[in-house]
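Enquirer: Starting from the given sequences, assemble the full structure and let the hints guide the process.
Chains A and B, in that order, give the protein sequences. Just so we're aligned, residue 58 is where the first sequence starts under the numbering used here, counting upward by one. Just so we're aligned, residue 58 is where the second sequence starts under the numbering used here, counting upward by one.
Do not rely on the hints blindly, as some may be mistaken.
Note that the list lumps identical chains together, so a pair holds whenever it fits in one copy or between two copies.
[As the list claims (entries may be wrong)] Think about it this way: if two alpha-carbon atoms lie no more than 35 angstroms apart in a straight line, the pair counts; the simulated DSBU-like pairs of lysine-lysine are:
| # | residue 1 | residue 2 |
| --- | --- | --- |
| 1 | Lys375 | Lys62 |
| 2 | Lys203 | Lys324 |
| 3 | Lys495 | Lys474 |
| 4 | Lys350 | Lys394 |
| 5 | Lys62 | Lys434 |
| 6 | Lys242 | Lys252 |
| 7 | Lys395 | Lys118 |
| 8 | Lys324 | Lys257 |
| 9 | Lys418 | Lys375 |
| 10 | Lys137 | Lys495 |
| 11 | Lys485 | Lys252 |
| 12 | Lys398 | Lys252 |
| 13 | Lys395 | Lys161 |
| 14 | Lys398 | Lys445 |
| 15 | Lys393 | Lys352 |
| 16 | Lys445 | Lys324 |
| 17 | Lys390 | Lys476 |
| 18 | Lys394 | Lys242 |
| 19 | Lys257 | Lys75 |
Hints are computed from structural coordinates only; laboratory data are not their basis.
Take a look at the letters that make up each chain.
2 protein chains.
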Amino acid sequence: MKHTKIKALLETSEVGEKVIVKGWVRAFRSNRFIQINDGSTINNIQAVIEYENFDEAILKKISTAAAVEVQGTLIESQGKGQSVEIAVENVQILGEANPDEVQKTVMQPKKHSLEFLREQAHLRFRTNTFGAVFRIRHGLTFAIHKFFNDKGYYNLHTPILTSSDAEGAGEMFHVTNFDLNNVPKTEDGKVDYSKDFFDKPVNLTVSGQLEAELGALALGQVYTFGPTFRAENSNTSRHLAEFWMIEPEVAFNDLKDNMDLTEEFLKYLSNYILDHYADDLQFLNDRDAQEQKAKPEKDRNPLTLIERLQFVANNDFKRITYTEAIEILRNSKPFKKKKFKYDVDWGVDLHSEHERYLVEKEFNCPVIITDYPAEIKAFYMRQNDDGKTVAAMDVLFPGIGEIVGGSQREERMDVLKKKCADFNIDEKEVWWYLDSRKFGTVPHAGFGLGFERMVMFATGMTNIRDVIPFPRTPGNADF
Amino acid sequence: MKHTKIKALLETSEVGEKVIVKGWVRAFRSNRFIQINDGSTINNIQAVIEYENFDEAILKKISTAAAVEVQGTLIESQGKGQSVEIAVENVQILGEANPDEVQKTVMQPKKHSLEFLREQAHLRFRTNTFGAVFRIRHGLTFAIHKFFNDKGYYNLHTPILTSSDAEGAGEMFHVTNFDLNNVPKTEDGKVDYSKDFFDKPVNLTVSGQLEAELGALALGQVYTFGPTFRAENSNTSRHLAEFWMIEPEVAFNDLKDNMDLTEEFLKYLSNYILDHYADDLQFLNDRDAQEQKAKPEKDRNPLTLIERLQFVANNDFKRITYTEAIEILRNSKPFKKKKFKYDVDWGVDLHSEHERYLVEKEFNCPVIITDYPAEIKAFYMRQNDDGKTVAAMDVLFPGIGEIVGGSQREERMDVLKKKCADFNIDEKEVWWYLDSRKFGTVPHAGFGLGFERMVMFATGMTNIRDVIPFPRTPGNADF
Chain A
58 MKHTKIKALL ETSEVGEKVI VKGWVRAFRS NRFIQINDGS TINNIQAVIE
108 YENFDEAILK KISTAAAVEV QGTLIESQGK GQSVEIAVEN VQILGEANPD
158 EVQKTVMQPK KHSLEFLREQ AHLRFRTNTF GAVFRIRHGL TFAIHKFFND
208 KGYYNLHTPI LTSSDAEGAG EMFHVTNFDL NNVPKTEDGK VDYSKDFFDK
258 PVNLTVSGQL EAELGALALG QVYTFGPTFR AENSNTSRHL AEFWMIEPEV
308 AFNDLKDNMD LTEEFLKYLS NYILDHYADD LQFLNDRDAQ EQKAKPEKDR
358 NPLTLIERLQ FVANNDFKRI TYTEAIEILR NSKPFKKKKF KYDVDWGVDL
408 HSEHERYLVE KEFNCPVIIT DYPAEIKAFY MRQNDDGKTV AAMDVLFPGI
458 GEIVGGSQRE ERMDVLKKKC ADFNIDEKEV WWYLDSRKFG TVPHAGFGLG
508 FERMVMFATG MTNIRDVIPF PRTPGNADF
Chain B
58 MKHTKIKALL ETSEVGEKVI VKGWVRAFRS NRFIQINDGS TINNIQAVIE
108 YENFDEAILK KISTAAAVEV QGTLIESQGK GQSVEIAVEN VQILGEANPD
158 EVQKTVMQPK KHSLEFLREQ AHLRFRTNTF GAVFRIRHGL TFAIHKFFND
208 KGYYNLHTPI LTSSDAEGAG EMFHVTNFDL NNVPKTEDGK VDYSKDFFDK
258 PVNLTVSGQL EAELGALALG QVYTFGPTFR AENSNTSRHL AEFWMIEPEV
308 AFNDLKDNMD LTEEFLKYLS NYILDHYADD LQFLNDRDAQ EQKAKPEKDR
358 NPLTLIERLQ FVANNDFKRI TYTEAIEILR NSKPFKKKKF KYDVDWGVDL
408 HSEHERYLVE KEFNCPVIIT DYPAEIKAFY MRQNDDGKTV AAMDVLFPGI
458 GEIVGGSQRE ERMDVLKKKC ADFNIDEKEV WWYLDSRKFG TVPHAGFGLG
508 FERMVMFATG MTNIRDVIPF PRTPGNADF
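Expert: Take a look at the structure:
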């Protein structure tokens, strides 16, 4: 007889059925009630034993974190909150767990701080919070692939190792085969890259966009979903050195199409989690409500986690230009009262405080800001007719900040070459990118979604290190 | 009016409909017939123009690789092979393509060698062959996520950057933030890693398995799907420095469950491509047939590409132990006639020539070999009761060789610690892995599928560099 997953058992099994369940003990109360969880759902199944019918030596080993197999009959639950429980006929200890050691780790029932759990990243999967977070992270992963597959997009695995550094999105990690104790040098004392694995300097990608454009200009609609890297010494709750990014790229799309796609995509993801992860979401919703209560009233989010997802799913995103945003900000109270730390003037980049004002005070909904000054955006963004701005867009979410950045791309060879010159990019470095404008160039557009930002939004977790299994930050690469 | 994708148009549009199509010219014949492809399918749509109704200056620009937008009415096709074509009312050139330059590149109709196209990796997406390969690569990607999602597995993003090097699967690339011209040294002349980004040596992962086990021992069933790396100087048609791997890991599974899962999985993927990518597959099937014809008769595959996929989908995999495999090989003609280059004796690893004999001569079907000698397999594989072998499995495919490697994992702490000692692995290095055996350890098993090997099998491509968008090999990291 095969064992049944607890999720399936709670959803479809019927009273009177004989079942086998395998999982980990979450609690053992009154020498009678074993709470078992197997990771398939946040819900435990309660297994009820008649103490006197079992070998005491075995019962002693039923303790928090131990692994057990129970066999029995499904009966109607006497307790509240669950419909069925197991009347146990047979119990087997698969793996013990020393209660004293368990006390010191993640798996004791008492709540640990998230910071403590980060150092126990190998065990934190076993907690309710992280179980829910990583099930929802999977749900978002699958929803992303399903969204694009259903629309006829092709997933493209763009390279992780790259000799291209034109993207300019941030500092890059170097990858080498050299023994760092003894880096080969040329006669004039420079690194002799001809002796390295790839015969030249190679870095970890910061974005697959430029390569994705090549795919889009042949396959029509593509998307990447892979790891990207930043060697930036940012020890904040919003930055990781290794994170995952989704970058769709679409031939024949302009900036408006790009905004429509982004909005449809983010609404789809929100709906998907609401529809498919109700139990995990409810748990995280309650957790978030507790967290909100602990804050000063003015910092509390008036919406619950579930309401925030519903809000994104059901409301149009506000779309404004950068120029309009600057005007709103300069007319705002905090500007007039000099409460902003950074100045607001046409041409400067918006800071987090400005974005938060627009999203959380002015509009109170997701906002798409478009048409930024060319100087503060990347070389590949399409120049608008005004000669000053480019067809860029940033999507800002309440409580998260920038979640998506994108643009229509410059498809005109002459303009693109001029931009390369303006940005000091050697045409020889990007010969392959320029080639794509030589052979049947077409308007196209795309965007990048920082995956962990989306997981934060969908789970209510406020530190990005708590939504990726093994976070990499300055000084941290354990496991 | 929105434009229609050619795939949708060929599948669902009806004669008489007004349509707009955007795409790239594949050919322009008799000043009348434009073959347009937009990447959504391998099939072109034929657009028919009445030459005399259009501006000659525009028509001159309709040439191979140019991008066009045509507007017109769908009519029944006069030619063979396609059901509909477009009677063009309006044509617009979106992007020109200089015919002389096109002659030198990938996009001219004449066939280029695959080797030439590898150097044009930025343009090869536009050929029929690579269009089909990368659509099928996407199809396999989606099928993998769907297979596991439908079964209640959770996708786990295991780390790319890791300070762990216990897996022992191969040479690793180093990742650093140092300027290699000037690596900081300590007083005794060693690399001063305390000054590097992560405060210690960090490498690119060779496998996510050890971390996936941690996930499985909490969430029950997980899988990874991400890039992995080998810094091995192998210039072969079967090796890449950067490739993608799928690694499921399942709590409570033993070796037999693991074999069953692998077989079900590979059958599902084969069926998925047969069911969803018939046009691309037919094209590659014909391409493969041509390639087979060019070979000496004895080297030809008696099955077509489609037949090979059907064969895997419909036939049981042969399961034998390593010990049985050795016996078969020692009784084989090539062994007796001393035709094998490498010796066959219990305890030695099987070489490609031996695996090919078993798969292609002896059984002529996929073969799973199990229970290898402990010495030639990794430290984490579960020790069998005979004390000599471990619960390992390798899946071998005709024409591909090893496509999957897996095992039941050693869940017993005392045995695992002894294996660490035997393999010279410092327990301190893998403290987190050992911890997972301390708190409710359970039997579990998993495997790794080299994604590109599967794409090769499903497309008939014989060089691994032709199934990944931007191949990384010694000396090659362009784009």
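Enquirer: Determine for every hint whether it applies to the structure shown.
Expert: Now the hints, each set against the structure:
1. Lys375 to Lys62: between (44 angstroms within a copy, 30 angstroms between copies)
2. Lys203 to Lys324: Answer is both: 14 angstroms inside a copy and 21 angstroms across each meet the 35 angstroms cutoff.
3. Lys495 to Lys474: Answer is within: at 12 angstroms inside a copy they meet the 35 angstroms cutoff, but 61 angstroms across does not.
4. Lys350 to Lys394: Within one copy only: 29 angstroms inside a chain, 81 angstroms across chains, cut-off 35 angstroms.
5. Lys62 to Lys434: So Lys62 and Lys434 pass the 35 angstroms test across copies only (32 angstroms; inside, 50 angstroms).
6. Lys242 to Lys252: Both. Shortest intra-copy (9 angstroms) and inter-copy (22 angstroms) distances satisfy the 35 angstroms Cα cut-off.
7. Lys395 to Lys118: The answer is neither: 64 angstroms in one copy and 58 angstroms across copies each exceed 35 angstroms.
8. Lys324 to Lys257: Cα proximity of Lys324 and Lys257: none, with 43 angstroms in one copy and 41 angstroms across.
9. Lys418 to Lys375: Within one copy, since 13 angstroms is at most 35 angstroms while 66 angstroms is not.
10. Lys137 to Lys495: between (69 angstroms within a copy, 33 angstroms between copies)
11. Lys485 to Lys252: So Lys485 and Lys252 pass the 35 angstroms test inside a copy (23 angstroms) and across (34 angstroms) alike.
12. Lys398 to Lys252: Between copies, since 32 angstroms is at most 35 angstroms while 49 angstroms is not.
13. Lys395 to Lys161: neither (49 angstroms within a copy, 61 angstroms between copies)
14. Lys398 to Lys445: within (26 angstroms within a copy, 69 angstroms between copies)
15. Lys393 to Lys352: Result: close within a single copy only, 28 angstroms intra versus 80 angstroms inter.
16. Lys445 to Lys324: within (32 angstroms within a copy, 56 angstroms between copies)
17. Lys390 to Lys476: Classified as neither: same-chain Cα gap 38 angstroms, cross-chain 67 angstroms, threshold 35 angstroms.
18. Lys394 to Lys242: neither (58 angstroms within a copy, 51 angstroms between copies)
19. Lys257 to Lys75: So Lys257 and Lys75 fail the 35 angstroms test inside a copy (64 angstroms) and across (53 angstroms) alike.
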